[in-house]
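Trainee: Please model the complete structure; the sequences and the hints are all you need to start from.
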Amino acid sequence: MKQTMPAPSQAAEQELAPTPLQPIPPGPVPQAPPPRERRMIGITIDGQPVSVPEGSTILEAARKIGIDTPTLCFLESLTPVNVCRVCVVEMEGSRTLVPACSRKVEPKMAIKTDSERVRLSRKMVLEFLASSVDVSTAPQFAGYMERYDAKPERFGRNADTVEQPIKIDNDLYVRDYSKCILCYKCVEACGVDAQNTFAIAVSGRGFSASIATEFQVPLPDSACVYCGNCIGVCPTGALMFKSEYDMRHAGTWDESRQQQTTTICPYCGVGCNLTVHEQDGEIVKVTSPLDHSVTHGNLCIKGRFGWQFVQIEPAEKQE
Amino acid sequence: MDLHLTGDRPTPEEKAAVDFELGGAPESVWQGGAPDVEADTRSANGGNQKAESQRHLLLPVLHAIQNRIGWISPGAMNYTALRLDVPPAEVYGVASFYGMFSLQPRPAVVAHVCDDIACMTRGSEELCDRLDTRLGPENLPCAGGRAMWMRSNCLGLCERAPAVLVVKAGQKPQQRVLAPATTDRVQSMINDAANDVMPAAPDVLNPQLSVPQEGSPKLVLLRRVGKNNAPELDGYQRLGGYEALHKAFDLGPEGVLREMNASKLLGRGGAAFPAAKKWEALHMQRDLLKANPGRKHYLICNADESEPGTFKDRIVMEGDPFAVLEGMTIAALATGAERGYIYLRGEYPLAGQRLAAAIEAARWEGFLGQNILGSGLRFDIELRRGAGAYICGEETALFNSIEGHRGEPRNKPPFPTQAGLFRQPTVVNNVETLINVPLIINQGGAAYARIGTDSSTGPRLFCLCGHVDRPGIYEAPMGTTLRQLLTMAGGVAGTGRLQAILLGGAAGTFVSPKEIDVPLTFEGTRAIGATLGSGVVMLLDDSIDLKRILLRIAAFFRHETCGQCVPCRVGVVRQQEALLRLVDNRPMGSKADELVMLKEMAQAMRDASICGLGQTAASALESALQRWNVFA
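As they're listed, the protein sequences go chains A and B.
Numbers 1 to 319, taken from our numbering, label the letters of the first sequence in order.
Numbers 1 to 632, taken from our numbering, label the letters of the second sequence in order.
Among the clues, some could well be false.
What the hints assert, rightly or not - Straight-line C-alpha distance at most 30 Å; calculated BS3-like pairs for lysine-lysine: (1) 104/A x 64/A; (2) 104/A x 290/B; (3) 599/B x 112/A; (4) 277/B x 108/A; (5) 112/A x 412/B; (6) 277/B x 104/A; (7) 64/A x 412/B; (8) 123/A x 591/B; (9) 412/B x 104/A; (10) 123/A x 599/B; (11) 151/A x 591/B; (12) 296/B x 104/A; (13) 412/B x 296/B; (14) 104/A x 123/A; (15) 108/A x 412/B; (16) 123/A x 412/B; (17) 123/A x 547/B.
Claimed, not checked - Derived coverage of chain B by chain A (criterion: at least 3 residues anywhere in the stretch with Cβ under 8 Å from a Cβ of chain A; other residues may be distant): (18) 3–13; (19) 549–563.
Keep in mind that the hints were calculated from the coordinates and are not lab data.
Just so it is clear, CB atoms sit at the ideal spot from N, CA and C, and this is done for glycine as well.
Mentor: This is the structure:
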């Protein structure tokens with residue numbers, strides 16, 4: 001080994017990372033090199049100066065100074081696709097509005113987040129969505145619509161919608177694409193952003209585009225592994241636990257009676273965090289906190305769905 | 001990758017089509033071959049790198065299946081997934097994106113009958129009505145179940161409207177243009193094709209129908225178009241072709257850029273971006289290119305001409321294909337690109353044949369390849385066909401399409417010159433832009449810049465169509481007025497009384513006859529709130545109901561929006577609905593309410609859409625509402 005490799009200098013040898021062939025040297029534990037100093041970029045948002053590290057987005061800069069920007073297709077754990085356009089802001093010198101969720105800051109940018117143009121575009125986006133999609137189970141929508149005075153009913157009762165029959169083809173979760181705003185999050189979670197299973201993709205084109213398995217086959221015939229990470233990122237309830245769906249259907253779903261407890265998954269050694277949602281003494285669904293440093297909200301089929309055993313009472317205790 | 005395929009298997013014919021396109025049978029069971037325990041258990045043939053390196057073949061493979069079978073079955077998609085190592089859900093997502101692909105069984109012969117705005121002025125509705133009577137309703141089998149007809153968006157044959165494209169799938173797939181089409185000709189072509197006696201004679205470019213100025217000594221861009229031998233390499237060279245390339249080698253990359261800069265050439269695809277700026281952006285990255293073996297520069301000729309009313313690029317490619325190649329080769333010299341793509345609209349059969357033959361001939365004679373004319377320049381061109389998606393003319397959607405993804409535009413920045421095709425620095429130029437390049441090199445940038453006006457230099461191609469006496473492609477220096485252009489084309493046809501002119505196609509603007517003295521320059525049209533766009537000049541006489549034209553444009557955008565971003569995906573639908581209510585005279589609230597709502601939608605689409613499609617989807621409507629009281 002020593003003979004074939006050019007002899008490294010003493011100093012270089014010190015810096016070599018430990019490998020199976022390069023044991024950890026005795027003495028103090030080597031330190032990871034300090035993170036590259038990121039240049040701070042100064043911009044102004046609504047007249048307020050703010051400085052954020054290079055590579056940050058306008059959204060991050062706005063959040064830093066407490067400006068609340070609506071988002072639908074954005075999620076911290078996924079690559080921004082900037083398709084919903086509800087986060088658009090006005091940038092000085094730009095012909096069009098720009099998406100705050102993905103546009104990186106550049107020195108001296110001047111941003112307006114609440115101008116007439118911004119408010120109109122956000123309002124229209126919300127009206128477009130709420131008039132074509134069933135947003136009744138989308139938690140963020142009501143607040144956004146009130147904030148931007150969105151009136152989707154003004155497009156009339158005959159306005160075309162994306163309504164299609166609900167898909168209940170397995171025991172674990174339900175797909176109701178009448179509630180889908182096509183935010184691409186589930187596709188990203190199923191693909192390279194988390195699961196790498198690629199069971200679903202956007203299919204079709206234009207207003208009739210929708211999320212689908214290959215040839216629209218039922219989920220059990222597709223590549224789906226039931227990790228449920230798509231449910232975890234869905235912002236509208238289009239993807240829903242079967243347990244939640246059944247309770248909503250029966251009229252027994254009541255979030256005010258639910259308690260959330262974060263614990264550690266009992267199955268393997270990874271140690272994913274589970275947030276167990278419980279109502280009336282029964283587990284009704286399991287989520288995972290997005291900010292978990294290892295899993296970023298992702299789980300596998302066992303952690304996500306394998307909790308029924310907790311609720312199965314043994315027929316009788318064996319003495 | 002575990003693709004987890006459904007049980008649908010390909011038929012032997014589907015398999016043959018895919019294998020032929022990919023140059024042979026699969027090597028391993030992992031790609032759908034026969035199991036060979038020895039080989040397959042000892043080597044891994046797949047891997048992510050290989051998968052990524054093959055994905056760009058997805059669109060050509062889907063074309064091969066569609067062309068051979070007439071539709072794309074789940075079994076064929078499964079086999080495609082296996083061969084290319086692409087998840088079947090993504091194969092389905094891509095296949096279902098394109099209009100030319102059918103994922104349902106359908107007859108082998110399909111007649112696409114254009115009912116778009118230019119053809120509307122030349123009797124396409126009547127044609128459709130008669131086809132309906134004679135052959136039965138659209139989208140249903142006719143001719144003994146072996147054919148069908150369907151309405152289509154603009155086919156880019158507007159100078160010969162009404163236009164029909166007959167496509168026949170099979171061992172020898174055929175695409176045949178009928179323009180101008182008559183009911184009898186369509187019917188007999190459908191019957192012949194269904195009975196396998198489709199005439200073998202290829203379509204030809206007829207200068208009398210398409211190039212009214214042919215033979216005029218004043219022509220520069222079109223000087224070879226329509227000449228019989230121009231599409232052949234010998235003929236092209238005898239007509240002055242490839243002189244500019246020799247000159248460019250003498251000038252070197254910097255010299256070429258100097259001339260390009262001096263020419264002040266603005267892109268002719270519609271966005272009018274300075275061509276030299278794009279080239280320079282790549283030239284400036286040449287040190288990075290040299291230092292990193294993995295880094296590549298790409299050059300793309302955008303020939304996905306789909307703007308309703310536009311046909312100039314088609315005629316240029318049919319009549320003077322080598323000019324496109326020469327322009328690209330000079331661009332390659334300046335930009336350091338070793339690989340070029342021509343992304344050709346899928347509905348252009350003759351242009352495709354001519355370009356493919358030209359590329360082949362240029363390779364043979366050393367005008368493309370590893371060492372072009374001994375200069376050391378390495379450059380080759382691949383022809384890619386679109387599959388019926390207007391959006392793929394948007395440059396970043398075009399990248400995704402070539403890469404084998406859905407043709408959805410990307411957000412900018414990064415710009416193509418930073419991260420374009422395969423995330424590498426890329427220049428995209430329109431066909432017409434590229435054929436200006438040899439002119440600029442031949443006469444010098446400064447001399448070129450003296451043509452036209454100060455800020456709109458050079459000659460320009462115009463697509464005269466609709467109610468015009470002599471429709472066709474016209475060349476005129478920038479700054480020619482609309483009136484002069486109309487005079488050149490023989491004036492208004494139809495009733496002879498001009499109602500409106502559509503400049504720039506469906507994404508363009510209407511102008512009124514009062515504005516007929518506008519100089520056709522970028523700045524001149526901008527001054528009256530219009531656009532030159534792709535060079536469409538569509539005349540509408542006073543027999544035309546403008547409301548119907550507006551409705552057709554709205555339907556076009558609804559059909560062509562990719563569906564990615566909300567303002568465009570839903571906006572084009574709401575716009576069409578509001579228009580329909582206004583046309584039917586049953587507005588919600590008052591007409592004024594509807595107009596306010598349309599205006600708000602237009603603003604949101606313009607401000608918040610990702611790409612130019614959504615940003616201009618309301619511009620024709622808005623320009624009409626500004627000029628006329630359309631819904632009085």
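Trainee: Please go over all the hints and tell whether each is borne out by the structure.
Mentor: Structure-based check of each hint:
1. For the hint pairing residue 104/A with residue 64/A, the CA-to-CA distance comes to about 14 Å; that is within 30 Å, so the pair holds.
2. Our distance criterion of 30 Å between C-alpha atoms is met by residue 104/A and residue 290/B, whose separation comes to about 29 Å.
3. Note on residue 599/B and residue 112/A: the hinted pairing holds, with a Cα-Cα distance of about 22 Å set against a maximum of 30 Å.
4. Annotation: proposed proximity of residue 277/B to residue 108/A holds, straight-line Cα distance about 24 Å (limit 30 Å).
5. For a cut-off of 30 Å, the pair hint linking residue 112/A to residue 412/B stands: about 19 Å separates their Cα positions.
6. Between the alpha carbons of residue 277/B and residue 104/A the distance comes to roughly 23 Å, so the proposed pair stays at or under 30 Å and holds.
7. In summary, the hint linking residue 64/A to residue 412/B is supported, as the alpha carbons are separated by about 24 Å, within the 30 Å threshold.
8. Restraint check: the Cα-Cα separation between residue 123/A and residue 591/B comes to about 22 Å, which is no more than 30 Å; the hinted pair holds.
9. For the proposed pair residue 412/B and residue 104/A, the alpha carbon gap of about 11 Å is at most 30 Å, so the pair holds.
10. Restraint check: the Cα-Cα separation between residue 123/A and residue 599/B comes to about 14 Å, which is no more than 30 Å; the hinted pair holds.
11. Restraint check for residue 151/A and residue 591/B: satisfied, since their Cα atoms lie roughly 18 Å apart, inside the 30 Å limit.
12. Of the supplied pair hints, the one linking residue 296/B and residue 104/A holds, its CA atoms being roughly 25 Å apart against a limit of 30 Å.
13. As the CA atoms of residue 412/B and residue 296/B are separated by approximately 20 Å, the hinted pair is consistent with the 30 Å bound.
14. Proximity of residue 104/A to residue 123/A is assessed by CA-CA distance (about 24 Å); at most 30 Å being required, the pair is judged to hold.
15. Proposed proximity of residue 108/A and residue 412/B is supported: the alpha carbons are some 19 Å apart, at most 30 Å.
16. Proposed proximity of residue 123/A and residue 412/B is supported: the alpha carbons are some 23 Å apart, at most 30 Å.
17. With a C-alpha separation of about 28 Å, the suggested pair residue 123/A and residue 547/B falls inside the 30 Å cut-off, and the hint holds.
18. As drawn, the segment 3–13 of chain B meets chain A at 4 residues by the rule of a beta-carbon pair under 8 Å; at three or more, the given contact holds.
19. With a threshold of 8 Å between beta carbons, the proposed coverage of the segment 549–563 of chain B by chain A holds, since 6 of its residues qualify and at least three are required.
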